[in-house]
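Start from the sequences, fold in the hints, and give me the full structure.
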Amino acid sequence: MINTGRKHLVHIVKYRWLWMALSAILLVPGIFAMVYSSMTYSNHAPLKVGIDYTGGTILQYGLTEKISNEDLAKNRKALEEAGIENPYIQILNVNSTQQKNTKAQISSIISIRTKFVEKDSMVPEKIKGTLAKQYNNPELISVSSVGPTMGKELFKNSLLAVTLAVLGIIAYLSFRFRFDYAVAAILGIVHDVLFVCGAFSILGLLYNVQIDGLFITALLTVIGFSVHDTIVVFDRIRENLRYYAKKMSFGEIVDASVNQTLARSINTSLTTLITLLALYFFGGVTTKDFVLAMILGIAIGTYSSIFFCSMLVDFWNDKKNSMASV
Amino acid sequence: MKNKILMFWGIMIIVIAAIILIAVKPIKLGLDLVGGSRLILEAQTTNNIAKITPEVMQRLQYAIESRVNKLGVSETVVQQVGDKRLLIEIPAITDLTEAKSFIGETAQLEFKKQAPDASGNVVWVPTGLTGQDLSKSTLSTDASGQWVVSLEFNSTGAKKFGELTEALVGKKMAIFFDDELISDPNVNEAIYGGNAQITSGGAGFSYEEASRMVNLLNAGALPVPAKIVEENTVGPTLGADSIAKSEKAGIIGLSAVMLFMLLYYRVPGLIADIALIIYSLILFALFKTIPVTLTLAGIAGFILSIGMAVDANILIFERTKEELRAGRNLFTAINSGFDRAFTSIFDSNMTTIITCFILYMLGTSVVKGFALTLALGVMVSMFSAITVTKNFMHLIFGTGELKYPALFGLRKDEIGKDYEATETKREKARFGILD
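Going down the list, the sequences are from chains A and B.
The first sequence: position 315 = 355 (our numbering), numbered continuously.
The second sequence: position 228 = 231 (our numbering), numbered continuously.
Warning: the hint list may mix true and false statements.
Unchecked claim - Quick list of in silico lysine to aspartate or glutamate cross-link-like pairs, EDC-like style, CA-CA up to 20 Å:
| id | chain 1 | residue 1 | chain 2 | residue 2 |
| --- | --- | --- | --- | --- |
| 1 | A | K155 | A | E121 |
| 2 | B | K230 | B | E45 |
| 3 | B | K371 | A | E193 |
| 4 | B | K230 | A | E158 |
| 5 | A | K168 | B | E101 |
| 6 | B | K87 | A | E193 |
| 7 | B | K406 | B | E417 |
| 8 | A | K173 | A | E105 |
| 9 | A | K192 | B | E45 |
| 10 | B | K103 | A | E179 |
| 11 | A | K47 | B | D86 |
| 12 | A | K328 | B | E250 |
| 13 | A | K166 | A | E121 |
| 14 | B | K115 | B | E183 |
| 15 | A | K196 | B | D86 |
| 16 | A | K155 | A | E125 |
| 17 | A | K196 | B | E45 |
| 18 | A | K166 | A | D111 |
| 19 | A | K47 | B | E325 |
| 20 | A | K166 | A | E120 |
| 21 | A | K166 | B | E101 |
| 22 | B | K116 | B | E192 |
| 23 | A | K192 | B | D86 |
Unchecked claim - Non-contacting residues of chain A with respect to chain B, defined by C-beta distances greater than 10 Å in every case (computed):
| id | residue |
| --- | --- |
| 24 | T80 |
| 25 | E121 |
| 26 | N126 |
| 27 | Y247 |
| 28 | N357 |
What the hints assert, rightly or not - Covered stretches of chain A, going by a simulated chain B footprint (3 or more residues, C-beta under 8 Å):
| id | segment |
| --- | --- |
| 29 | 53 to 59 |
| 30 | 197 to 204 |
| 31 | 249 to 262 |
Treat the hints as calculated values from the structure; they're not laboratory data.
Fair warning: this is a prediction, and the values are worked out from it, not measured in the lab.
Where is the CB? At the ideal position from N, CA and C, for every residue including glycine.
Here's what the structure looks like:
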């Protein structure tokens with residue numbers, strides 16, 4: 041037997057159907073949300089797309105008082121009355137850190153998205169006027185603006201980046217592994233990407249969370265991370281096959297390999313998740329969604345490399361053997 | 004053992020060098036941290052200029068640069084991106100709306116005369132005398148105390164202006180600024196001296212109007228109009244808040260990871276923690292030396308790389324523990340732990356670097372910052388997590404048998420159970436196994 045130092049903690053082969061069902065439970069709600077979104081959104085996108093890709097302007101104002109989401113509707117109405125077309129509003133609450141060099145504490149940030157603000161439009165003045173009626177001294181703290189043509193270009197670039205990264209990883213995997221391992225690893229990527237996109241589609245529907253260039257970055261980082269996790273497990277399967285192929289069945293080797301690498305897989309994700317959670321809870325407001333995408337992605341990536349990909353490899357091997365014996 | 008000690012001092016020299024660099028060099032912070040504005044302008048074609056050539060872009064860049072300099076802020080950036088775009092960075096700007104309109108203004112000064120068009124209506128037509136014929140412009144007041152813009156033509160301009168006024172004596176001449184009629188005085192006599200004054204028709208110039216026009220004229224007109232296609236502005240309040248929060252998140256994240264490593268891996272964990280501190284020092288020194296402009300996304304990349312840097316150590320320690328469980332002595336277990344984990348570490352870092360490279364080539368500047376810091380972090384971690392940790396492990400544990408398994412977080416009864424040699428002869432030789 042292969043010595044893993046303890047009894048097997050996880051059983052891949054025995055509970056194969058359980059892991060398949062769990063993956064389905066994790067993925068299906070997100071897939072539904074994406075289908076629903078592409079049917080209901082005017083641009084037929086499965087996720088709510090931010091100004092990076094559609095073009096538009098986001099103005100953020102810092103407020104000294106704390107405001108809640110109930111103020112959303114009120115603000116929306118007031119802005120529409122002031123002649124702002126289709127404002128999207130988000131409220132970000134700031135867990136203030138002590139600031140030495142600023143006069144007033146900002147307690148919440150109200151973020152208003154409109155269509156692209158042209159040079160001479162009065163939109164910023166109108167918004168400021170409307171907010172000033174309700175809040176004490178709103179301060180314009182950030183402006184991001186992307187022209188419509190620029191948005192299309194950024195979108196093309198992002199698609200290109202994702203395609204290139206995935207192709208690069210496929211090439212790398214095929215070079216490193218047998219074909220069936222590579223296919224399992226790629227299905228693992230699809231699994232993880234579907235989960236993260238699905239989760240953000242749901243967040244888009246519920247909380248108006250929009251994806252931007254940073255989301256794509258997070259996705260690519262997650263893909264790299266998840267593939268790496270899978271490589272470690274597969275490397276171990278390959279190594280064990282060299283020594284034990286005659287003494288143990290393929291399924292037993294998969295189980296043993298997963299258990300041998302279990303502590304490493306979990307600990308690595310744990311340390312990364314610790315740093316990401318610190319960023320999420322204590323870091324800046326602007327990178328919150330980006331960090332959330334990575335937290336979700338790394339958690340699911342760990343799950344998929346332990347349970348999903350190894351299960352697929354074993355499943356494939358089983359099918360191949362039963363075909364051969366017929 | 005001798006080269007191990009030599010290596011130790013080598014590592015110490017690198018650490019000291021890093022600390023000195025950190026103390027001496029300033030860090031470059033991005034606009035999203037100090038506050039400021041990042042604009043992308045796109046050159047627009049006109050009826051006269053149908054194609055944006057590199058030459059046009061050069062003139063545009065020059066004109067925009069001189070305007071940005073007029074804002075009186077230090078460390079501004081104007082640089083060409085792509086075929087027809089300019090990237091402009093202005094840190095610590097207070098009145099952005101004003102700065103934006105100032106930068107984007109075409110500032111085309113034109114002298115026009117009246118002539119009948121095809122259908123017989125009298126319209127203003129260009130005379131060929133424009134802002135390009137000026138040598139400089141100053142702000143002054145006229146006899147009645149009104150603000151006026153004084154113009155001084157260069158030699159060709161003076162000649163053109165002389166001929167023009169000569170031809171137009173008794174008639175009207177108009178001055179247009181960005182296609183807007185500023186005034187249309189009667190020409191009383193020909194003017195040869197090469198000097199002229201613009202007074203505003205109607206109520207006269209306000210001080211702001213006149214001085215703005217002087218500044219724009221001196222900075223030079225844009226050869227083609229330029230439109231803002233992308234803008235990112237962050238106020239100083241948000242920037243300061245982001246710095247404070249990133250610091251806090253970084254410190255909390257780093258200490259939590261270090262605590263975890265110490266509790267789970269014991270003495271090797273402590274060594275990994277020291278390696279992690281060395282890692283942070285080297286990386287920070289690199290950021291300052293290259294220099295890398297640190298943005299919020301860049302900091303996120305840095306903090307993420309901390310999590311990834313300990314990954315190498317986790318792989319190695321798990322492997323070392325397995326070897327110890329299999330009953331090997333310390334030296335062999337540590338060596339084979341490092342050796343066997345190396346391919347996995349190398350593979351993982353390669354996939355990350357490939358991704359970072361693609362992100363860097365194709366991403367926007369925010370994404371570039373993230374990719375750069377993450378890639379640098381991964382490379383430095385190869386040194387800190389492998390070379391540094393291995394050296395410290397050997398120096399501390401030496402070569403004997405493992406006397407206290409608790410140092411590795413192992414129980415005594417785990418050791419040596421189910422021992423089974425799984426090495427080929429070549430691997431045995433490589434790990435120095437003598438059995």
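Hints and how they fare:
| no. | hint | verdict |
| --- | --- | --- |
| 1 | A:K155 / A:E121 | holds, 16 Å |
| 2 | B:K230 / B:E45 | holds, 5 Å |
| 3 | B:K371 / A:E193 | holds, 16 Å |
| 4 | B:K230 / A:E158 | holds, 9 Å |
| 5 | A:K168 / B:E101 | holds, 16 Å |
| 6 | B:K87 / A:E193 | holds, 14 Å |
| 7 | B:K406 / B:E417 | holds, 13 Å |
| 8 | A:K173 / A:E105 | holds, 14 Å |
| 9 | A:K192 / B:E45 | holds, 15 Å |
| 10 | B:K103 / A:E179 | holds, 18 Å |
| 11 | A:K47 / B:D86 | violated, 63 Å |
| 12 | A:K328 / B:E250 | holds, 15 Å |
| 13 | A:K166 / A:E121 | holds, 10 Å |
| 14 | B:K115 / B:E183 | holds, 11 Å |
| 15 | A:K196 / B:D86 | holds, 17 Å |
| 16 | A:K155 / A:E125 | holds, 8 Å |
| 17 | A:K196 / B:E45 | holds, 18 Å |
| 18 | A:K166 / A:D111 | holds, 18 Å |
| 19 | A:K47 / B:E325 | holds, 14 Å |
| 20 | A:K166 / A:E120 | holds, 10 Å |
| 21 | A:K166 / B:E101 | holds, 17 Å |
| 22 | B:K116 / B:E192 | holds, 15 Å |
| 23 | A:K192 / B:D86 | holds, 17 Å |
| 24 | T80 | holds, 29 Å |
| 25 | E121 | holds, 23 Å |
| 26 | N126 | holds, 20 Å |
| 27 | Y247 | holds, 21 Å |
| 28 | N357 | holds, 22 Å |
| 29 | 53 to 59 | violated (count 0) |
| 30 | 197 to 204 | holds (count 5) |
| 31 | 249 to 262 | holds (count 6) |
When the structure is compared with the earlier hints, violations turn up for hints 11 and 29 and for no others.
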